[in-house]
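Undergrad: Chains A and B supply the protein sequences, listed in that same order. By the numbering used here, the letter at position 256 of the first sequence is numbered 255, and the numbering carries on one by one without gaps. So the numbering used here is basically just the index in the second sequence, starting at one, shifted up by 320.
Bear in mind the hints are in silico, worked out from the structure with no lab data behind them. C-beta atoms are modelled at their ideal positions from N, C-alpha and C, and glycine is treated no differently. Hints may contain errors.
[Unchecked claim] Covered stretches of chain B (in silico footprint by chain A; criterion: 3 or more residues with CB under 8 Å from a CB of chain A, positions within the stretch not fixed):
#1 322 to 331
#2 338 to 349
#3 361 to 369
[Claimed, not checked] With beta-carbon atoms standing in for the labels, derived distance ranges:
#4 B/A378 / A/S69: 55 to 63 Å
#5 B/A377 / A/K148: 45 to 53 Å
#6 A/L259 / B/A328: 34 to 42 Å
#7 B/A373 / A/M54: 25 to 33 Å
#8 A/K84 / B/N380: 27 to 35 Å
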Amino acid sequence: MATEAKVDPMHQFTIQPMFGTDHLELLGYNIAITNSTVWMAISALALWAFVFGGMKRQLVPGRWQMAVESFTGLIDDMLEANIGKNGRKYVPYIFSLFMFILFGNILGLLPLGVIGLHPFTFTSHFTVTGILAIISFGIVLIVGFAKHKLHFFSLFVPHGTPVPMIPIIFVVEMISFMVRPFSLGLRLFVAMMAGHVLLEVLSSFVIGSSNAGMQYFAIAGIPSFILMIGICALEILVAGIQAYVFALLTSVYLNDAENLH
Amino acid sequence: MPQIEQLAATYSSQIFWLLLIFGLVFFIVGKGMVPKVMDTVALRDKQISDDLAAAEAARNKADAEEAAWRERENANRAEAQALIAKAKAEAAASTEKKLAAAQTGIDARLTEAEARIAEARASAAAEIEEVASEAAADIVKRLAGIEVSAAEARPAVKEAM
Numbered sequence: 000m001a002t003e004a005k006v007d008p009m010h011q012f013t014i015q016p017m018f019g020t021d022h023l024e025l026l027g028y029n030i031a032i033t034n035s036t037v038w039m040a041i042s043a044l045a046l047w048a049f050v051f052g053g054m055k056r057q058l059v060p061g062r063w064q065m066a067v068e069s070f071t072g073l074i075d076d077m078l079e080a081n082i083g084k085n086g087r088k089y090v091p092y093i094f095s096l097f098m099f100i101l102f103g104n105i106l107g108l109l110p111l112g113v114i115g116l117h118p119f120t121f122t123s124h125f126t127v128t129g130i131l132a133i134i135s136f137g138i139v140l141i142v143g144f145a146k147h148k149l150h151f152f153s154l155f156v157p158h159g160t161p162v163p164m165i166p167i168i169f170v171v172e173m174i175s176f177m178v179r180p181f182s183l184g185l186r187l188f189v190a191m192m193a194g195h196v197l198l199e200v201l202s203s204f205v206i207g208s209s210n211a212g213m214q215y216f217a218i219a220g221i222p223s224f225i226l227m228i229g230i231c232a233l234e235i236l237v238a239g240i241q242a243y244v245f246a247l248l249t250s251v252y253l254n255d256a257e258n259l260h
Numbered sequence: 321m322p323q324i325e326q327l328a329a330t331y332s333s334q335i336f337w338l339l340l341i342f343g344l345v346f347f348i349v350g351k352g353m354v355p356k357v358m359d360t361v362a363l364r365d366k367q368i369s370d371d372l373a374a375a376e377a378a379r380n381k382a383d384a385e386e387a388a389w390r391e392r393e394n395a396n397r398a399e400a401q402a403l404i405a406k407a408k409a410e411a412a413a414s415t416e417k418k419l420a421a422a423q424t425g426i427d428a429r430l431t432e433a434e435a436r437i438a439e440a441r442a443s444a445a446a447e448i449e450e451v452a453s454e455a456a457a458d459i460v461k462r463l464a465g466i467e468v469s470a471a472e473a474r475p476a477v478k479e480a481m
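This is chain B alone, in the form it adopts within the complex (with noise of 0.2 Å):
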């Protein structure tokens, strides 16, 4: 076994290299660049946490300014709502008015329209008894040969129509 046979010839020329090149390894490689490489390690952890915060923050503003919009849209929307409706019973209160007035005015002329139809109807009445009394004093001349005065025959064509 070499380790051992060579033991007494090689200790001290292992010891040394090994102390010497393990010494640079660890303070060149092991105290100069690991702590390097482990502050870019940190430091790109520190930039994720730091960017989900901000990515955080910004999702709650996000959230908050929409939820101030939606409590302004329905503000507008019932405001919108009420001017709506206002301009409808509006609307409505005026068609009423207009058509109540029409009502009036129909109304009216029918009334004289109806009044003028029945003071025809009478007239025309009144007329039709004369020319029938007269007719009928013509008749009752002519027939019997009795002078009957339009006057006279007026009640039996009365009673007649």
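Next comes chain A alone, as it looks inside the complex (with noise of 0.2 Å):
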């Protein structure tokens, strides 16, 4: 009964090579298959199906082709909405981003572990999320710099700054700008980890409380039950405002390097 009731929060985070892949190696460094990877690939996968099933390009679309022009659609606008009509270009990178949060924010969230399975949350590792970030960190220098040349670094010194606080205003507007690809990373590290531990604990409650009896399932077992109901619905939506929030603020950035000011 006491191992039982040893549930470990973090334990789900865990990275576990799989298919017997623990040493393989590329140049020195191991790049074996881990359970991290497999739900990359299955939220790839299902993202892949998901696309292709509306691309059967009826004049008068389907539930599945509604439901896929909905999604291009919202990226589309959102595009369109901070960056304007040259944001449209930015639609292939941002739709892949939003999408692939999105699918591996709410396959990790699966209760598959009724089954058997092991859910993983990919988004849930800031190295993840980090190169994400990196990504779109990378494309706003290249797309700033490409268009702009040197003087995107006017992007630091806004409108209407008097000259004598320009060398103050320029190293407190780089830090701000620097700090972006932390803050775009870590914040959807965070939403998801903080969801998923609390999830945890929550049902670690459940469990610990029904082993020590009766009573204690009714005071501590019962009403974390009833609080998870509610905090997974609230990680569902939690799911798509990040993967959201990842995607607007990326094209905000964007903005940033396509328009300058």
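Please dock the two separately framed chains into a single complex, following the hints provided.
TA: Here it is as structure tokens:
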């Protein structure tokens, strides 16, 4: 009984090599196929299947086609609202980013533990979210410098800054600009991890209190279980919102690169 | 926290597979499929706006045709009215003429008849006078025994009548 009640809320984030590929290497670096890899692949496949189902190209769309078109429309509208007509060329990237994160978030929430599988949320790892944030930030830098050359640095001096303030403002703006990839990556990682830990902790309350006896279950277990149901709904919302925020902020940053101010 | 504890051991695998898989997603789904989906949407939007424009044009044409038809119809109606009015006037004129002719005939016959009546009355009156004179002469002869000729009795008869 004692071992059953011991629930480690962090264990769900453990990366485990699979298919005996522990020591798979490329140029001396370990590239083991892990549970994280597998869930990235599942998300990618699910995303491919989802978009493929919407490619019937009918004039009058069916439900599936309508769903896919509403997602591309969402990204298209977001880019047009934030960047303008120039923003349409980023639709493939932002769409891939948004949908990949969204599928990763939602697939990681599936209650697959019930049938003995171990869901894994790769967006709860800052290695993953960090790389995605660095890619977005890298695109901003490349587009910014390619389009505006060294003029891109004027991004750090807002309009109407008094001349004596320029050096200080430049440094402050520079720091806030450089922090962007960190905030972008950490926000998603923290949001996903916090939700999963919370669910795990509450579920450990339910299991622990039910093992301790009926009266504890009634006092602690049932309220925790009810709270879990609410938090599950909240987590589905957070999964969508965080993916949207990541895509939205990337497009806002891209706007800086495209249009400076 | 496994994210930090396993960082050294797993970062290379995480980065490698993320770049590979996200790269595949970007090139296959993002670059390959999304533009087609958006083309379909754009095509549909274009078709809808084209159809709306065609419907608008068809409606304008129908409106113009209706206006032309109305004009034609009004002209036809006016023409018909004119025709009717003319026919009516002609009919009235011919009726009047016929009536006038009939009236003249009637008038002539009336005057003739009146003349005949007057003549008949005159001849009747003369006859009555004659008879009355003869009767008066006869009465005088019988009562007074005086021989009076009818011609002599006539002024007295005339006077009494």
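Undergrad: Now tell me if each hint is right for this structure.
TA: Results for each hint:
Evaluation of the coverage hint for the stretch 322 to 331 of chain B: fulfilled, as 7 residues show C-beta separations to chain A shorter than 8 Å, against a requirement of three. For the stretch 338 to 349 of chain B, the proposed coverage by chain A is satisfied: 9 residues have a C-beta within less than 8 Å of a C-beta in that chain, meeting the threshold of three. Against chain A, the stretch 361 to 369 of chain B contributes 4 residues with a C-beta closer than 8 Å to a partner C-beta. That satisfies the three-residue criterion, and the hint holds. For B/A378 paired with A/S69, a C-beta distance near 32 Å fails the hint of 55 to 63 Å.
The hint said 45 to 53 Å for the Cβ distance between B/A377 and A/K148, and at roughly 50 Å that hint holds. Checked against the hint of 34 to 42 Å, the pair A/L259 and B/A328 passes, with Cβ atoms roughly 40 Å apart. Checked against the given bound of 25 to 33 Å, the beta carbons of B/A373 and A/M54, roughly 28 Å apart, stay inside it. For the pair A/K84 and B/N380, the beta carbons lie near 32 Å from each other, so the given range of 27 to 35 Å is met.
Violated hint: 4 only; the structure is consistent with all others.
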